[in-house]
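K.L.:
Protein sequences, first through last, are from chains A and B.
For what it's worth, the numbering used here labels the leading residue of the first sequence as 691, then goes sequentially.
For what it's worth, the numbering used here labels the leading residue of the second sequence as 691, then goes sequentially.
The reader is advised that the hints may include incorrect statements.
Since the list can't tell identical chains apart, any single copy or any two copies may satisfy a pair.
List of simulated lysine-lysine pairs, DSSO-like, C-alpha gap at most 30 Å [said to hold, decoys possible]: (1) LYS800 x LYS790; (2) LYS723 x LYS862; (3) LYS711 x LYS800; (4) LYS790 x LYS770; (5) LYS784 x LYS711; (6) LYS833 x LYS723.
Rather than coming from a laboratory, the hints here were simulated on the basis of the structure.
Residues per chain are reported as follows:
Number of protein chains: 2
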Amino acid sequence: MEQLQKIMIEEAQVLGNSIIKADSFLNHQLNVKLFNQMGQAFRDYFQTPIDKIVTCEASGIGLACIVAQYFDCNVVFAKKENSSLMVEDYYTEKVFSYTKQKESLFRVDKRFIHPGERILIIDDFLANGEALNGMISIVEQAKATVVGIGIAIEKGFQDGGERIRAHGYDLKSLVIVDRIENNELVFREDVVTNV
Amino acid sequence: MEQLQKIMIEEAQVLGNSIIKADSFLNHQLNVKLFNQMGQAFRDYFQTPIDKIVTCEASGIGLACIVAQYFDCNVVFAKKENSSLMVEDYYTEKVFSYTKQKESLFRVDKRFIHPGERILIIDDFLANGEALNGMISIVEQAKATVVGIGIAIEKGFQDGGERIRAHGYDLKSLVIVDRIENNELVFREDVVTNV
Chain A
691 MEQLQKIMIE
701 EAQVLGNSII
711 KADSFLNHQL
721 NVKLFNQMGQ
731 AFRDYFQTPI
741 DKIVTCEASG
751 IGLACIVAQY
761 FDCNVVFAKK
771 ENSSLMVEDY
781 YTEKVFSYTK
791 QKESLFRVDK
801 RFIHPGERIL
811 IIDDFLANGE
821 ALNGMISIVE
831 QAKATVVGIG
841 IAIEKGFQDG
851 GERIRAHGYD
861 LKSLVIVDRI
871 ENNELVFRED
881 VVTNV
Chain B
691 MEQLQKIMIE
701 EAQVLGNSII
711 KADSFLNHQL
721 NVKLFNQMGQ
731 AFRDYFQTPI
741 DKIVTCEASG
751 IGLACIVAQY
761 FDCNVVFAKK
771 ENSSLMVEDY
781 YTEKVFSYTK
791 QKESLFRVDK
801 RFIHPGERIL
811 IIDDFLANGE
821 ALNGMISIVE
831 QAKATVVGIG
841 IAIEKGFQDG
851 GERIRAHGYD
861 LKSLVIVDRI
871 ENNELVFRED
881 VVTNV
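Here chain A stands alone, though its shape is the one from the complex (with noise of 0.2 Å):
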């Protein structure tokens, strides 16, 4: 998605051979216009219905709410701590963060996502893979589809992504990353072709 490139290489910030902060447009500052272009690639992939939104806290939720209104349905989003008032049954997964170098506890409330739902998880990157699979296990858990899996960028110097497709589920990222070249990004050539 050539939008989401352009402003990557003019605004995200490169650590290292791994790192790439996108801190100004998708996780912190959160470019709401650009989140609408991303929405509407979505829609032009994902041509079919889907009944609800899955994301997880906290950076995926405002993306996931964008792009909800292409797919006119609802968000869920999968919660990470506890909370006094979470006193219901949840669906729960643990999930490794690399980023914090922490264990964290996805729950979803049994009573948000249905048996047989459509679900579209949408999430703004994807490196491991991780908060991916806790995810998708929740939606498997609910005995709903994913039916799509929709992410800004993807690091595809990692295995997240090879792992998820080879699984056979449907993973569109709208920007992959091939590598990481003297502190510049180099994408993946034939993901800007596709939107």
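Let chain A serve as the given structure and place chain B on it in line with the hints.
P.N.:
Okay, now just chain B, sitting in the frame of chain A:
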């Protein structure tokens, strides 16, 4: 705001005499159509230019992004956790959460709020006002101006709203719950007729 009151009567759960669970539409499952109606209501009330919306993770983010579309601006959300990606300078403020019974540190990268910017703060709930005070402090540390504060549900029986209005902030809550009586929500009527 009538649509929000209606969905609260139908879907919100009341626990004891102070807890209102809005997780089927506001802070776990997110009703994106309702969020758009709320965005329009905030736009109708705050008829002034806004440079940026500030909110805090996690449950304010989705609403803030939808509302931002009505003000043609971006969103910045205060982060609550440490992360290995966060190395720059931040505006920070300690915030105590009564719901979670713990203190957290709100942090916003100094690059994302600029002196003189006109800021609208958006959040889902207002009770004691701890989170809101944290966001106001961060905006004012940045020498930006809190032009308005938009809240979905204010618990009128807790004193956050009263104190913030007493400081002269233009605080608009779409629904104010005056009290909980026999497990039922009693709304402040003047708020209904205003919107």
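K.L.:
Quick one: which hint numbers does this structure break? Sort them smallest to largest.
P.N.:
The structure breaks none of the hints.
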